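Residue numbers (the numbering used here), protein chains in the order written: chain A, 1 to 85; chain B, 86 to 328.
What the hints contain is simulated information worked out from the structure, not anything from laboratory work.
This structure is a prediction, so every number in the text was calculated from the model and none was measured.
Note that the Cβ used here is the ideal one computed from N, Cα and C, for glycine as well.
Errors might be hidden in some of the hints.
Straight-line distance between alpha carbons at most 35 angstroms, and here's what the computed DSBU-like set of lysine-lysine pairs gives [unchecked claim]:
(1) B:Lys169 with B:Lys146
(2) B:Lys232 with B:Lys146
(3) B:Lys107 with B:Lys173
(4) B:Lys107 with A:Lys80
(5) B:Lys177 with A:Lys48
(6) B:Lys236 with B:Lys146
(7) B:Lys169 with B:Lys107
(8) B:Lys177 with B:Lys146
(9) B:Lys169 with B:Lys238
(10) A:Lys48 with B:Lys230
(11) A:Lys48 with B:Lys173
(12) B:Lys177 with B:Lys232
Which chain B residues face chain A? A few, computed with CB under 10 angstroms, are given here [stated by the list, open to error]:
(13) Met101
(14) Asn271
(15) Val277
(16) Met279
(17) Tyr311
(18) Val312
(19) Tyr320
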Amino acid sequence: MEFNDNFILGCSAIGAGLAVIAGIGPGVGQGIAAGHAAAAVGRNPGAKGDVTSTMLLGQAVAETTGLYGLLIAMLLLFVKPLLNK
Amino acid sequence: MNYGIMLADASKIDFMIHGIFKYNFFGHEVWITTTHVCLLIVMLILIIFAVIVNRCLAKAKEEPEGVQNVAEMIVEMLDGMVDKSMGKAAPKFYNYIGTIFIFILFSNISGLLGLRPPTADYGVTLPLGILTFILIHFNTWAHNKPKDIWKDKCSPLPPWLPIWLPINIISDVAVPISLSLRLFANVLSGTVMMALVYGLLGWIATGWPAALHVYFDLFSGAIQTYVFCMLTMTYVSNARGDA
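Bound-form chain B, shown alone:
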């Protein structure tokens, strides 16, 4: 029996992750899924772009033209974004923020290429959130005295009365979860919406879903990328104490 979500032919709706093949990894059954394949494609595109830019920059000129122009524009935009929200700590974070920005952006808009966006898998966004978490706490411990951190963790109450400590720890742990769930749920909702349009409407869905792609893949994807990077930068510069 087919428990479809609607009366139409629900078997055509497909937005799930599929396993491609499985192997045994020390007694565990591990699946290679469509997410891995899409991630590989996204990474290949980025690597090929990087190699082309590298070749072109080897013979860079004083007045940029062609590929050099594009590359300089991208780098300037990313560096400007980091500069604006991190102040004097920015040069240390150009590389990390730029990398995750380009990676998440390409993952989100890869729905345009007919791929299932890798960020619509919680296994991709949770590591990104955990990276942010590690970055926050590394910077907290590297730039603050343990006494001040203890004082901050007990914050509304005085430091000799750590009743509020568990609440503060819970709110720290909630940061990576909410970051990763926000990205995941946004991209997933776009993917599900497009799958419903294509799966249920059949031949009616020709041409005009392009407008939906512009909203769900390009606009929503770009906004969520920006939000993820912005929040990461805000948290990290708060942790460093020099916003």
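Pulled out of the complex, with its shape left as it was, chain A reads as follows:
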């Protein structure tokens, strides 16, 4: 089946937009992590440094799934793998 190039590019753009919806998950996860870290610092202000570094490490790992979505979006927009050259 043959498709118009413009049709494929438009669908790629829609797909890229859908792919970055993956950002919702990490957003919620990082928020939960930051909230618990804030609670932990409130309970034990002396451990602020340790809590902060643990929180940042956990958040950066949680961010990965969102970045996979971003990567797919970038591939669709800039590498254009669906276009038959």
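We have chain A already, so just place chain B on it with the hints.
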């Protein structure tokens, strides 16, 4: 026809890797790209810094001053980080972790110098992930008996029923891929964001993008460097079995 990503002049947006010149390497076409050049610049900066520190440390004094102070501070910080997460295995890994920390940090913040960060190329981060992978498995085999490794690879089920083995192997292979993709995608997203700001806004983008540079280059770069080294150390000390 220009398939721009926006209605504005999309030809000004530039964050791709460019080839500089190509040559034939045993029948393959090999390109020297901007990544190589930026890597060389980063390495030159690090080498010059190392030579200066070496000259200064040749006449080191009991009370540190000047360059010696800075060098001791950096080394103490890196060694302290390794000490904290690797315990008694730490002295063997001071050199490796310190080296990759400084290298990735300088690569990430080289966007401040107007370079395209070398870590925004998957060809740079994948080897780093593969190095971690090799380190993990070397330490696993050097510090554990083959029987225990087999038992661990079949882990939720008993060792005579290796149904779970493929899943465990897949999760082992996923480690370097996720490590390298995390670093790559973070730095790339910063690079793309800065390219969009500079490419689409034109003269409006004067001065204030400095704040964005602080976030995307300095903060994000430093965090990702820390995360990469931290995860490498955690995996390796888990593999050694003496966390």
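Hint check against the structure, violated hint numbers in rising order: The structure breaks hints 2, 3, 6, 7, 10, 16, 19; every other hint is satisfied.
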